[in-house]
Every structure is written in C-alpha cells, then in structure tokens.
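There are 2 protein chains.
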Amino acid sequence: MKYFVKTIAASVMALSVPTLTADANEQSIREYTNKHQHHIMKDFRDLLSMPNVSSSVDDMMVNAAWITDYIHKRGFTSEIVTAGRAPYIIAEKKVSGADKTVLIYAHFDGQPVEPANWATAPFTPTLLTATIENGGQVVPWDQVEGDFNPEWRIAARSAGDDKAPVIALMHALDAMEQAGISPSVNIKLILDGEEEAGSPTLKQILADHRDKLEADLMLFCDGPMHQSRDRQLVFGVRGSMALDITTYGPLAPLHSGHYGNWAPNPTESLMKLLLSMKSEDGKITIDGYSDQVRPISNAEREALSNVPNVDTQMKHALALAESVGKDIRLEESVLSPGFIIRGFQAGGVGKQGRNIIQPSASASINMRLVADQTPEFLVEKVEDHVRAQGYTIVHEEPNADIRRNHAKLVKLDWRAGAYPAFRSRLDSPEAVKLISILDNMEGNKTILAPSLGGSLPIYLFEQALENMPIIILPVANHDNNQHGRNENLRIQNLWDAISVYAAILEQYGTD
Amino acid sequence: MKYFVKTIAASVMALSVPTLTADANEQSIREYTNKHQHHIMKDFRDLLSMPNVSSSVDDMMVNAAWITDYIHKRGFTSEIVTAGRAPYIIAEKKVSGADKTVLIYAHFDGQPVEPANWATAPFTPTLLTATIENGGQVVPWDQVEGDFNPEWRIAARSAGDDKAPVIALMHALDAMEQAGISPSVNIKLILDGEEEAGSPTLKQILADHRDKLEADLMLFCDGPMHQSRDRQLVFGVRGSMALDITTYGPLAPLHSGHYGNWAPNPTESLMKLLLSMKSEDGKITIDGYSDQVRPISNAEREALSNVPNVDTQMKHALALAESVGKDIRLEESVLSPGFIIRGFQAGGVGKQGRNIIQPSASASINMRLVADQTPEFLVEKVEDHVRAQGYTIVHEEPNADIRRNHAKLVKLDWRAGAYPAFRSRLDSPEAVKLISILDNMEGNKTILAPSLGGSLPIYLFEQALENMPIIILPVANHDNNQHGRNENLRIQNLWDAISVYAAILEQYGTD
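Those protein sequence lines, which keep their order, are chains A and B.
Anchor point for the first sequence: position 466 equals 466 in full-length UniProt numbering, and the numbering is continuous, going up by one each time.
Anchor point for the second sequence: position 357 equals 357 in full-length UniProt numbering, and the numbering is continuous, going up by one each time.
If you are wondering where the hints come from, they were derived from the structure by calculation, not from laboratory data.
Keep in mind the model is a prediction, meaning the values are calculated, not measured.
This list has only true hints and no planted wrong ones.
Copies of the same chain look alike in the list, so a pair counts if it works inside one copy or between any two.
Below, a list of computed lysine-lysine pairs in the DSSO-like style, where the Cα atoms sit at most 27 angstroms apart:
#1 K351 - K203
#2 K411 - K315
#3 K408 - K326
#4 K315 - K408
#5 K100 - K445
#6 K93 - K433
#7 K381 - K351
#8 K203 - K94
#9 K278 - K315
Modelling step: build the complete structure from the supplied sequences, incorporating the hints.
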C-alpha cells in the first residue's frame, strides 16, 4: 500500500491541474492496474523468459508467435513479416468512430548477453529489491503476497529495453474496457525484432509495407525516461555507427623480456592513434568531424532549460566525481556528436597477464551522430585523420608483406548498421496535443527533451512515412542497465506505462 | 642425412680451430645422437605430455617423479624438496677422480596455456614441418622413418622453455658412456618447478639446501639462443616485475548513447596515464626511473660488437617495418630497462563489441629491470609519477565513496614475484675456460651476450652461493614462441644440446 500513499500525496500537490473527468478515468486505470498486478507481472515474465537475441531467428519467431497470440486477444489483426532476417510484427486494431490513427513502435529483441557477468540468469526473470549495483536481493516470486513494492526491479534481458510496451499497452486496453472507456483512435503497431542489431532489414520492411503504416502520429516506445522519473517526451535520437581499429606489432606473440624495448608494441601505437582523436577535455579533434552538426534551436534551448537538472544526483548514483564537460548538462551533452571507445582488447590482465608483446591490438569505437551528420561524411573525416597521423589504412587483415612495408599500418573495420540521427520539431500541433494530454495527468509537468543520447532507426520512418510526426515516449527507468548486465525494469514504471498509454488512447482522437 | 652434409661443410670451413681429440669425441657423440633419434624423441615426448603449470602442485609432482626416475637411471642421487609450493629437484652424480663440480640449473614448469589459441594441443607434443606462423604442417609421429628433418619442430608447452635440458643432459651422459668418454667433473642439478611463476619459494629452498649446491661453476640452462643459431653464452638477465593499473568510470556499465560525451570513460584516462610514461620514440619518461642503471662496460661493448647483427633478418621474420629504437640493436636494447604494456582489457571488440561505457579499464605492465635496479626503487618512482599526473593511488578495489571523491583515481596492483637483474663478468677464469671449450667445437665462434632480455631468478643464486661464477647456456631456438601459443623446439637444437653438454662434462674438469 506504500504506493498509494505516494500517489495520493502527489495528487494533492497537483490538485489544480487535472480535469475532473481525466482524474476519474485515470483513477479507474490505476485501480485496474493495482488489482491485476500479479496477472500483468505473469504476462511480462512469460515474455521475458524467451531468449531474444536477434541473430537467432528461431528464437525471435517464438517471441513473435507469443506476441501475436497476446495482441489477437485484444482484437488486433496482425502479420509477421520478414525481409531475410528477424521477424517484424505489423498489427492494427480498428476502433469504431475513430478518425485518427496512432502508430506505435516498440522492439522485442535484446542485446547479446554474457551470462557469466550477470548476477541472475538473463532469461529467468527475477525479482530484486533494488538494482544489483545498489545491493538488490532476490525475492522469490512465490513469496510476494498482495502488492509488489513499486521500487523493486524485474531483472532480465529486455526488461527495460524493450519488452514492457507491448505488455503495458495490452493491459491499458484491458483496463479501459473494464472501466468502460473507449479508445478515441485506431491503433497500429510495428514491432521490431532486430533493433539491437541496427534493424538491418527495416528499410526493406518499410518499402514493402508502408501502406499498412499510415497514421496521424507515430509514437516510438523505446529508450529510458529522464533520471528525475517525471513523464517525458523526446523529439530526437542520435545516430550510431561503430568502427573497429587494429594496429600491428610482430607477426607472432613475442616474449616481452627478450624483445621488450626493441619490438614495436601495437598497444602503444593504438593508444596514441586513439588519443589523437580526442582532446584532453574530451572533445573530438578530428578535422571537420563536426562540420555537419545542426545547431541547437531556441525552442530546444528553452526545453533544455526546463528539464530538471539531475547531474548531481546522477554523478552520486554512478559514483562519478565529475562529468566530462563539467559545465555541460547531460541533456545538452547528447546534442553533440559522441566518439566513445567502447572496447579495447590487447592481451590479458591480472591472472590472464602473460609476458607477451601482442601481434596486434584492437579497439572498438561507438560514434553517436547528431542531426544532419551522415555516416559517409564521418568515414571520410576519420580516414583523413588517420592518414594524417602517418598511417596506411587497410580494410582487410594485412598479410606479412604489407606489415613489413608499413611501420604505421592500421585496419579500419566499419561495422554494419550505421545510421543517422533524427530530430523533430517541439512545436508541431501533434506535439502540442500530446504534451497537453500528459500534462493533464497527475504528477509533474512533462519533460520535453530535444534528443535522446541513444539511437533508434527513426530516420527510416522519417524517410518512408513522409511528414508523419514522430515522437518518442519512453517508459523504462533510466537505471535499467540497458545493453549491460543485470538489465532491469522498476516495477512502478510498468504500472505508470499502462496509465500513460490509456490516457493517450482515450484522448488523442478527441477534439 | 641432410644434417651431416651441413655439418661436414661447416667443419671444413673451421678446419684450423678444433683439436683432433675433441673432433673425434665430438663426432662420437654426434653419431650416438643420430643413431638414437627416435629414442631421445620418445623420452622428450613423454616429458612434454605431462601438464606443468606450477600452480598445480599435483601436476608438478608427476613431472618431478618422472624426472627422478629418469636421472636415477644415469647414476644420480636426488631428492624432491619443497617450501610450501611447487617441487624442486636437487641431484648429484659423483664422478671418480673429478676435482671440480658443475652445478646445472633448468626448470620443468611452464607458462599457463590458453588451448583455444593453440593450433595443436599444448600437452600433446606434435611434430610440425615448421613453426605455425611459417605454415608448419603436422607430421604424424608414426610416419617418420629414419631421421627426423632437423628443421622440424616439436610443438608443446615447455618444448622450448625449459624441458629440453634434462633430456639432452641425460643423453649426453649416455652418449659419453657408450663412446667410453668419462666426465671430468662431478655434476649437481637444481631443477626448478615454479620458474614461470617467478620462483616464489626459491629463496627458501636455497636457504634450506645451500650446502648441497656448492660447485665451481653454475650453468643456467634456460632461455633462447641467439637468432643466428650460433652457440652462445650469456652473462646476465634482466629482472622482472609486473604492475596492473585500473582506472575508473561509472559504477555500473552505461549505455554509450545515453551517457556518451558526459560520463568519463576509464579507457581514455588509462590510455593517457600509460602514454604519460613513454615518449613518442618509446623511451621511459618516468622521472628518476633509470637512475640506478649500471652503465655498459667496455668488455660488454666489445662483446656486443662481435655479436652477429640479426636485426634485419628478425624484422623480416616478424614482419616488422622497423624496431623501436631504430639504430639500437636488439642485443644492446635489452641492456636498457623495459616498460612493456603486456595487456589491456576494457570491453569487447568485433562481435564482442557492445555499446557500453565501462565501469573500469585495466592494463598490465611488465617491467624489465637491468643490473643494479631494485624493484622497491621503481615502485617509488612509478607511484611518484602517477601522483604527479594528479592521481590518487589505491591498492585495493575502491568503494563508491572513494570513487565519488576522486576524479582521478587509480588502483595499482604490484604483482607478486618481482626480482632484480643479474650481470656477471665476461673475463673471469671460469668464463674463459668455458668459452674455449665451446670455441673448440665445430661451428662458428661462440657468441658472448652481456645479457638476455628475459629474466631468470639468478640474483637469488648470486646472493646464496657467494662468489660462484654463474653463466647462462641456452639451447632453445630463438623462435620457440616461449610463453606464447604454439611453443616449439627446433629438432636440431635438441641434438646440438647433447653435444654441447657432453663437451663441457668431458673437458671442464681437465687442466
């Protein structure tokens, strides 16, 4: 019952904002959710129990079949479509009397897992009293009687990214039906089975099925919410691309005693090359790299200034003494291009340490693009920079002769799946309508973020579904460990998602 | 028979050097070796088949029992001794009429293995037509009729480092007995079962058993021979120590999109810290680091100038366009301290690449000490340097509060097993005698190297057995992939080792 104490307090403070009608309907949805906690949770556990790394098409088909059955029970028609890789689900639920249509995107695949790094099995959804980092303890499911503590977490791959929307949306419809509230819009779904692999066939899927996706507004239901936990709409994403860089030393591993000082060490040359790309204060120093960057607009600056500043709280939670840009807030920092060294592999450390000079050293870079930057342009700028450091570039593993003839030799492996950013207007009529629906719910004013730091393949929808306004509506807690070990969803976020979806479905089609 | 063509040609060119007596006896030993190739090889295979990572005392005891049995057959008395860790073997063979005693050191443990990286199983000795790097193919043992091709390799952990000496020495005694040649010296052995772990209990073993090791000369039979393949004596070794360095980022893995640009990346700070320790041309830039270094003596400079220059050949074989010091030869470069980054671990690359900012990044350094440098002094200099870069040093994993309070925080983990270098005189009477025995054998003049680049715990013998001349007599090929994957011994090196040991045992005790 702890939960209700909190929401009553919140509604007292927010008394003057919501209309009476909305309040009553919102309350009905909350009551449904509260009463059906165990039922909703069982559905979510069932979905999370299915392995969903998109490289296994078989696994993804099992997920797709489960979801198909799940949405058909709520009156959707659907088809599973593919374009040579993992499945997508395209679905529709017509609502009598509705003039408008909302298209909802979510994805049901997850990042690859390294089970050895997880505290609990990634495909055995587990109840935790808190995140593992904060000392979370396992609570056996069968020991929960009555309500779940809303601060507890469900730990599993895709708990936060991105299996919650389909569960929450279907329970929003169940809750509305039970409360006698009719949706005001037709609902279309496109559920992506390969987002974490960069949605390599999405372009083809959109070319093949564009006509089934026409709508008045597209909601992208993915990504984490703001760290303040207030409701949030997001108007853009960064693009993403990845580059693996390999430098070379001796052809075979060499004894670091007999040859140390004499044989070139590829780890040293790789470090020098990487650091030539970043300044001491973390800025990208590759010539021309930021030439295409779209400036921050006045509307975006204003929205940024209204976002609660959580830098101090975040630094405490993450045990960071300072952030990279010191004076630049997290929300503003993601409007700049990112150049993040995500991996470095060159021989072992600790018990794996051996006295060897490595034949090669490799690093992996994740580049985050902002609006108007193109992958092709950045490839050119990075390669220009590398050559300017005196390096000869190869794109395949070099043979011994090539290695002999080039003291500075580097392999650049541009990974598949590069895509640009997307950023839409904060002041379109569709955005204004959506913002007003959310602002009429109990709680704080909706946070408007010009861009997520993360990436979604929204540019493809922008290209395929011309002129359709696309707005991101995240529902997962910020500390969901998305992509990492011990991914989790905070239980309150699941309950809240049901209310938010219900409010939009009820009100978006009304005048 | 290929081999004899080569040695006959060599002896023609060297006609004026060897005495007639030495020639005849040397020839007898060669004939024994040639005739018993399959028998010698079977013994070597048996020894190499026994796993010998010294952390497994049980495995090392199996090796020790085999060796005990093997040397007892040649009239040695022996004991297996321990000081709380892996076994050592101390043995003696008295020779009637001998006044002098030669003490021989070798080790029978090996570096840990990563079988996945090996082309053949590390403890299944395998015959190869060449090194794996040079396209070596497996030859089934039962397909070898007649002589082994002397350029072929035996691939197994410890084939090159360091199980060959015990086999070669026992067959040298067998060959001498068969040829009616009596040793001129008593023989003592100390066989180390934990050298690759830094011989952590050797100091105690020497304290407990010093009286059993008195001798006139100590031969250290370990390490690779010169790249020219000429016979070689070595008068020193570098010391060794290892340091693991860890820098810190966020407490939990962070999504590189949502937090990239904002959250400090420990991989970047680690690279900056490491590169602050090395100049662009590979020199160590840690203040005071080289203050203790013993200068190169005139005798050492002269010896260096007589060593065949194999830099060009080595660079070709290793597919290197240039060496670090460009004008500084390999043999001279190892008379300087080494600071080699042997490992760097911070997230995955290639298929293991994930869009994560790592909570920490770690590197492992192998420091190679030269004569008169002490580990204690270098710890102080490195820590001074790290603090001068603005870092707070911890030696244990820091908690969240410590991480919160220090933007520049580093964990330094000084690994166990640090030891100093050793370098002895090139012009002692014992060295002069030994050099003359080797120079009287067929082949080129003996190469005299002031120091190996690698490390052996000789300083402990220097301290325990005061005034005993200690000289290193390596027998393994330089390209044995010591410590790495696909370690191997070139077959000719095994045959040559038998001749060299026999010559020394025959002649060292004579006037």
